[in-house]
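Engineer: Following the hints, complete the assembly by docking chains B, C and D onto the known chain A.
Protein chains in written order, with numbering that gives the first Met the number 0: chain A, 0 to 476; chain B, 0 to 476; chain C, 0 to 476; chain D, 0 to 476.
I should point out that these hints are in silico values taken from the structure, not numbers from a laboratory. The reader is advised that the hints may include incorrect statements.
To be verified - Below are the DSSO-like pairs computed for lysine-lysine, each with C-alpha atoms no more than 30 Å apart in a straight line: (1) B/Lys85 <-> D/Lys85; (2) C/Lys85 <-> A/Lys85; (3) B/Lys75 <-> B/Lys85.
Protein chains: 4
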Amino acid sequence: MTPGIVPYRLRTADEYLNSLRDSRRVFYRGEPVSDVTMHPVLGIAVRHAALDYEMADDPRLRDLVVAEEGYSRYFKFPTSSNDLLKRSALIEAATREGKTLVVLIKEIGTDALFALHTLAPQLGEPYASRIRGFYEHCRDGDLAMAVAQTDVKGDRSLPPSKQPNPDSYVRVIERRGDGIVVRGAKVHTSVSVNANELFVLPTRAMAAQDADYAVAFAIPVDTPGLTLIASPYLGAAKSAAEHPISADHKMAETLTIFDDVFIPWERVFLCGEWQLAGDLARRFVEFHRFTAISYKLPLVDALVGAALLAARVNGTSAASHVRDKLAWLVSYAETLRALTHHAAEQSRLVDGLAVPNTLLVNIAKLQFAQGLHDAFRAVQDIAGGLLVTYPSPEDLDHPQYGAAVNRYLSGAGGVEGAERLRVMNLISDLTTGEFGGYQAVLAVHAEGSIEAEKIAILSQYPQEPAIAYARRLAGLV
Amino acid sequence: MTPGIVPYRLRTADEYLNSLRDSRRVFYRGEPVSDVTMHPVLGIAVRHAALDYEMADDPRLRDLVVAEEGYSRYFKFPTSSNDLLKRSALIEAATREGKTLVVLIKEIGTDALFALHTLAPQLGEPYASRIRGFYEHCRDGDLAMAVAQTDVKGDRSLPPSKQPNPDSYVRVIERRGDGIVVRGAKVHTSVSVNANELFVLPTRAMAAQDADYAVAFAIPVDTPGLTLIASPYLGAAKSAAEHPISADHKMAETLTIFDDVFIPWERVFLCGEWQLAGDLARRFVEFHRFTAISYKLPLVDALVGAALLAARVNGTSAASHVRDKLAWLVSYAETLRALTHHAAEQSRLVDGLAVPNTLLVNIAKLQFAQGLHDAFRAVQDIAGGLLVTYPSPEDLDHPQYGAAVNRYLSGAGGVEGAERLRVMNLISDLTTGEFGGYQAVLAVHAEGSIEAEKIAILSQYPQEPAIAYARRLAGLV
Amino acid sequence: MTPGIVPYRLRTADEYLNSLRDSRRVFYRGEPVSDVTMHPVLGIAVRHAALDYEMADDPRLRDLVVAEEGYSRYFKFPTSSNDLLKRSALIEAATREGKTLVVLIKEIGTDALFALHTLAPQLGEPYASRIRGFYEHCRDGDLAMAVAQTDVKGDRSLPPSKQPNPDSYVRVIERRGDGIVVRGAKVHTSVSVNANELFVLPTRAMAAQDADYAVAFAIPVDTPGLTLIASPYLGAAKSAAEHPISADHKMAETLTIFDDVFIPWERVFLCGEWQLAGDLARRFVEFHRFTAISYKLPLVDALVGAALLAARVNGTSAASHVRDKLAWLVSYAETLRALTHHAAEQSRLVDGLAVPNTLLVNIAKLQFAQGLHDAFRAVQDIAGGLLVTYPSPEDLDHPQYGAAVNRYLSGAGGVEGAERLRVMNLISDLTTGEFGGYQAVLAVHAEGSIEAEKIAILSQYPQEPAIAYARRLAGLV
Amino acid sequence: MTPGIVPYRLRTADEYLNSLRDSRRVFYRGEPVSDVTMHPVLGIAVRHAALDYEMADDPRLRDLVVAEEGYSRYFKFPTSSNDLLKRSALIEAATREGKTLVVLIKEIGTDALFALHTLAPQLGEPYASRIRGFYEHCRDGDLAMAVAQTDVKGDRSLPPSKQPNPDSYVRVIERRGDGIVVRGAKVHTSVSVNANELFVLPTRAMAAQDADYAVAFAIPVDTPGLTLIASPYLGAAKSAAEHPISADHKMAETLTIFDDVFIPWERVFLCGEWQLAGDLARRFVEFHRFTAISYKLPLVDALVGAALLAARVNGTSAASHVRDKLAWLVSYAETLRALTHHAAEQSRLVDGLAVPNTLLVNIAKLQFAQGLHDAFRAVQDIAGGLLVTYPSPEDLDHPQYGAAVNRYLSGAGGVEGAERLRVMNLISDLTTGEFGGYQAVLAVHAEGSIEAEKIAILSQYPQEPAIAYARRLAGLV
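Pulled out of the complex, with its shape left as it was, chain A reads as follows (with noise of 0.2 Å):
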């Protein structure tokens, strides 16, 4: 498409929910799932996708949603600072219109897309106008997209192609003149139910003996053999005044079955150069983690409001104690907040692409890991036992004792019962339940595990002036 002659157009949320009635294969505790958009469970997550059309429409998020070119702004490629500090800030407004949980569907993909991009020069043609029409396709089309990284592994400690189950990762069994057909699974794919497109990609290095194995490409989710089995979790029914974020809110994850799927060659982006299946795999999670850390922002500030809330309606603002945890939560979150903005100010241009400042991803990633089940701990500990022995709505509500209720639970400062029931279901929405817990592990596995992240801090940081820094100290030069 050339700017300026037809121009870009953002598809609505009908448009998306639309495009999501297709013939794709996808189970919900073993039953089929013929409309994912009318399911009691996965439709949550699919409105809550659908956040991402709707921002489009709200004049105050326009600028940002929406690139000066005309297209989604996810689909713009970074090339300063600037640009990776709008993409940040729309990752993080997104986040917050989805009340804490990340929207995704663009994201996750133009991270993918800003991989292969920046790899386009060493894959070569005929891979690299495949990446270009391929964005563009996305792109032009304001598609939703998901991607399959994490393969099942089997034993973890042996390669791809040592494993007992060979279809442990996912492989290449077939090169036709067309195409490819592979078989294999992935876990841990989120919004594929909902997304238009389902990249894959490798999850780790590979050796020569491993090549069928290095592999990446992207079809439409209703391609054939693609088998989406999602996960229940999170899939209870949930009322809005207890679960104010999770009722409302949710991202359905996938096991991932290939089988025997065929993918023409213009999707196939990856196909046994094994030199490059590491490089891919971390690039891809490089820029994933800034999305990763720049779409944890609105939890940290919901935890950290949710405490001086709570402070404010049990009236212990002033309790030493609570000041004590209470500036713990904003050091923590603030520090997140400036390693995040800080990162992309640190940018640098990799074929053009400015990259964020990997070690400052990479610690501001584990930072956010490591503390997250502390900031739980600190704002449960604000916040009271009520948490878990709330009364129900139906109760404040009820003509015989709900205005007791009501007064015996009342807070600080004239807040009624039913007010700080409310800031207690929030927290405990947040940190005692399904959600709270879904967040917990994704902030120690989601977009790398904790253990990586130390591997790629170490990795990252400029050792030698460190080490010559030392040395003069010591004297030994």
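Structural biologist: For chains B, C and D alone, coordinates are given in the frame of chain A:
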């Protein structure tokens, strides 16, 4: 009852269930509960509590469950470290039966009885006789007991008598010839819906003007004017496969409202003696914290065992960072056990009762409370992302793709996917869902908050010998 | 001075040394020090401070050291984030020259000047002109400055005017036509023995009755009535081999006694305006904390570099637990750097001066302070027991067994024992001896205590937006 | 010796000192030391060690110091938990006398004797008789013993026999009819300069090809070919006022070189039995870690006491953050004490010897090691900046300004400056100078590193019961 004449008899589980079918006024989500034993949610709590009565039938446990005198060991006044160790072992064993959830229907009540017993000399007559009589009533009837201590408190910066709402703490509103009338509300009252008797204790120290609030008593749960509003927390139906603990085990907490409840004098144990209110509150908490650290042991054992098991099925037992986290978990669990047992060994006699070393009890409780969230993080780290992305049991059984799911998710050492997922579900139940959150909030708040434990630690530590040693080291003597 | 007419001239190190040979009243271990530059202990502090003047001669550093206007960059009023980044870079570079020890003779004084400058509008005339004049005096004379802020304080629970000893805070005891007379004492006054000018600032907020204590001024260090009692800490002679840093680098702190010292009016910057005492104290500390986090960077870099170097010479760089600790150290150091630089980038203008983001400055300071002891532990863990059992340099050179010592203590990769021991001595100097202890106590107490930083963090965090977001999430809007 | 015939006699301190005046080859800073008792630095270590002999004269301590049989209690084989508790109490008492510094001249040697004793059945004859005979020799002679275990190790990734330098571990270079000849070097050998006998033990498990390195023996310290090179660490002269502990108390560590040292057979306890080398190394360390956690108790007590005292003289005992830190310190200290005592209570018999619970011993050691730096930070935080800026004792006594110093630095409750400074000096000695650093490095490395303790914890924990419980909870049985 004179031992040797009429032998004690423990109740059966059925007798216990029958005893709960009375006119108690219980509400769940605004609906009156006519029979708690048949209620879909509260019935789970009832059956969990019935474990106490079932254990006496287990020949492996009988010696632990039944005291030498023939009554339930919970009622045995500890007079030696050995008695305390056995009581701790009984609490631990019952909680193991309860799948890491404490049973509590005799633990907490006997903690209150012990506290009253040790204060009987100060309370004098007729209180002392009433306490003795009520103790025998509970013991001989093998009764289930709840304790309501925490008042709703209102403005926490004000004492009871200065509250805007005079009912923010339970208080005596009338003294009559045959008894007293009380009004107010207590929160966080555990096992009240399935207890026979409800203790009410003051929650803090009082001043002279708070005399009306210095009140302690015990009443049958079906006493007129008493309303129990059960919390809906953890009330959603759960499948046993995905929630192997919480599907069948729960406690119920209530907001407990005293709407001008009449208490006959023989059930009143404190009424106006404000000088003793704080002592009673503290003494109860001290006994109860020993109960608490005893019943935490199965939970920490389960976390260690689950982490070891997860490492095994994931094939990561030899990974250095996994071993590091396992060593931490073991240290956490075994330090708690050592402190608990050593606190019993270091008991002192108070009016004939062996009281565990309160300094060590509080340290144990504090260390448990401050470490549980870290333990969750460690276990989640070892387990992996499947904790929140697992497929459902229905998927495993699916005729079309169930076998593939089982194979793709198989673990190290030939462990099938189904088995690996059961481990994930256990850890998910323990750490990422409402049950984990319940345990986490209990860790921080139950039996006194983290801050209360710190205060107790500092007050119970013998400061002067330590200062004297420091002065001697400093050359100041 | 009009730029372009008479160029600014920086002083030489010799000129600086000569300037300290005056009638200042300095005592060391009870002995009067007639010439601080020749004193065996204080002379080390003097030569360390002289680094400031030597740096201007280093062509690699000159652009950093000398502002565009020709004077020392320290005196440049920052008016942009870039100015702050350069100031930070200068402080970092000087501290690197000082082998991780801050030079401070201009850093702290200009912090005081900046604080006074931003308060000049509130102070009004004649204060504003005096401040401007004194600033030019210091800048044009390229002077070394100390700041005495912390009073001896007496009973910390009482304000200045209520102290049993009325001199517990420095106070005005007489107002005369030509100036004021002050009395009292300040502690922890750094670089006073080798400064030209001594600032005195209030240490806390004051009330109306404390007006006599609301006093700020600056005087030459040889002003009559001023006594500087230098601390003997770190005063023992050290060999350069065993203490590669502290043998040649030190600061000197004094107990600074004002024995009815006369201050002419033109040097008085606050006198009785108690409403501004707290603002001045805080403003100074805020500027000074930015100095602090800038000068901590070489120390954390040295810890990282020393740990990397120790792992290398010990042959343990690949050990998993060593890598874990190294990753932690890198995160610690680079988080501090990122927060420092981002605080500069997020500056705001206050009366024309760029003030670093105080929330981030305080978070940086807190994170540094809370982590340094852990960093010491990590570095000691990696280094090994030789830190405290090393043989002496004389042993390495011994004709009989020196070669054996060298061989037996050789490290990985052919590193000789002598070299490995230099690394151990560096780490010992950094972490196990008085220099390490000095840095540790400075981390906890200098530029405001840990608790003061927490208070600042909570007060500077914009609470209302966070609370508003939490309320929105809770459905309370 | 037959008890009852000739009573055991403990040596006097003078006898001990005389016994050190032999032909031992000791160097300090390259200079030969002809009489260690008269050396300005090593003499301090000698006099510190002499405390062991002086304690028997203290009637308050005699029952603890002298076993029922009449010899020093250190030599008593523990056969019950009570014996272990008394041994622990003796070690604690001696360390208290040593002002928080362990005496060690019998502790460590008897740990080695106990380890050899429990392995005697596997070692068989003639080793068993030799071990028994040497034990009696030490016991009856009331001897001071050192243990050299840690080899210089060379390249840590290689076993002894594969080292580039074959002498990187002490080894047998010749087997003769009358004994063996050994070569190599050990590091970190404590109390060797002032011991009578020196044990040599292997430091790790060995393989068949390492047989020459599987050697254990004991020799008089003046054996020809043995060279002790004392570390200069903590060797500077100190004033008792400023360093109330370390001025008069120290240990000396040596690099211990075996230059073809002949060992007669009756002193050889292991020679080639490589299968037992690891067992001996481990068994010694296990006994020694119990010694270690016993001797850490006075140090943690001193930290608690010093912090309490500092809070008192500073007038900050009621400050909330101070109380928080004090509670942490108390928990730290008393957890260590409880684990230590409980490990003794949970002893098991190994070949007739009561062995403390090794899991608990290692947990205690780990918790101590991981917390000491935090404890230092807490104490420094409570104490204040005077730790490193204090004026000298000479200043306090100064005729001109001494009274002012005393008054200006006075503390709360009428404490004079001089007394407050003694508290600061104590804390400075304990935490900021070389003595504190010595304790810190010992915490991390002595008696096995932090990582070694983690490995021990995981290996000693009974994993299967925990896994079985988790499996049961998961429904997998």
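Engineer: Next, verify each hint and record whether it holds.
Structural biologist: Quick rundown of the hints versus the structure:
1. B/Lys85 <-> D/Lys85: This hinted pair holds, its Cα atoms lying about 26 Å apart.
2. C/Lys85 <-> A/Lys85: Satisfied, since the Cα-Cα distance of roughly 26 Å is no more than 30 Å.
3. B/Lys75 <-> B/Lys85: holds, 10 Å
Consistency with the previously given hints is maintained throughout, with no hint failing.
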